[in-house]
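Construct the entire structure; sequences and hints are all you get.
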Amino acid sequence: MTHIVREVEKPGSKLHKKETCEAVTIIETPPMVVVGVVGYVKTPRGLRTLGSVWAQHLSEEVKRRFYKHWCKSKKKAFTKYSKKLETEDGKNDIQLQLEKLKKYCTVIRVLAHTQIRKMKGLKQKKAHLMEIQVNGGTIAQKVDFAYGFFEKRIPVDAVFQKDEMIDITGVTKGKGFEGVVTRWGGTRLPRKTHRGLRKVA
Numbered sequence: 067m068t069h070i071v072r073e074v075e076k077p078g079s080k081l082h083k084k085e086t087c088e089a090v091t092i093i094e095t096p097p098m099v100v101v102g103v104v105g106y107v108k109t110p111r112g113l114r115t116l117g118s119v120w121a122q123h124l125s126e127e128v129k130r131r132f133y134k135h136w137c138k139s140k141k142k143a144f145t146k147y148s149k150k151l152e153t154e155d156g157k158n159d160i161q162l163q164l165e166k167l168k169k170y171c172t173v174i175r176v177l178a179h180t181q182i183r184k185m186k187g188l189k190q191k192k193a194h195l196m197e198i199q200v201n202g203g204t205i206a207q208k209v210d211f212a213y214g215f216f217e218k219r220i221p222v223d224a225v226f227q228k229d230e231m232i233d234i235t236g237v238t239k240g241k242g243f244e245g246v247v248t249r250w251g252g253t254r255l256p257r258k259t260h261r262g263l264r265k266v267a
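Residue numbers for the sequence shown follow my numbering, beginning at 67 and rising by one.
Derived pair list, reagent style DSSO-like, types lysine-lysine, alpha-carbon separation capped at 30 Å:
#1 K129 / K142
#2 K184 / K241
#3 K146 / K184
#4 K142 / K186
#5 K189 / K134
#6 K140 / K192
#7 K218 / K192
#8 K138 / K191
#9 K241 / K186
#10 K150 / K129
#11 K138 / K186
#12 K192 / K138
#13 K134 / K184
#14 K228 / K184
#15 K157 / K168
#16 K140 / K189
#17 K265 / K241
#18 K146 / K168
#19 K168 / K108
Hints in this document: simulated from the structure, not taken from any laboratory.
Shown next, in the form of structure tokens:
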């Protein structure tokens with residue numbers, strides 16, 4: 067966390083057009099990579115996935131997301147899928163899947179992952195994978211738009227402009243000022259302990 071001095075744009079306020087010092091958090095945002103598309107159909111019980119189409123080449127950081135222990139695994143995730151896409155039958159199968167999404171789906175979302183390697187100072191190697199909804203146009207246009215972005219990088223300035231107000235969601239929840247039991251997962255001491263249970267012995 068740091069601070070900046072900026073000019074306030076707030077008509078009606080006493081600080082309008084004046085400089086003020088504000089607390090800021092600087093968020094590092096390397097480009098995200100689109101690796102798939104998912105289609106949803108509406109049912110009486112809510113949305114249900116109809117199918118998903120993945121890109122041919124997936125980076126190691128997103129493959130790590132599909133394993134609990136990457137080192138112990140054989141690292142074979144998506145190897146058969148990518149081989150299938152090299153054949154003509156595989157390509158036709160993907161086109162049939164996309165046509166099915168265009169015909170039946172009501173909601174289209176792209177699967178995008180973070181490039182965790184470009185984040186300096188993080189020990190994590192496993193990418194965050196998330197769905198981002200595609201809006202605007204017909205369903206067919208949405209599917210074509212999403213498919214056109216496969217394996218391409220989307221920088222943050224393609225989505226947000228300078229001085230724009232946005233809502234953000236964190237990967238983890240902040241717990242505030244906490245003791246050792248919550249913060250580090252230490253064991254609570256026995257009942258008869260003097261001077262507090264939630265301490266390190």
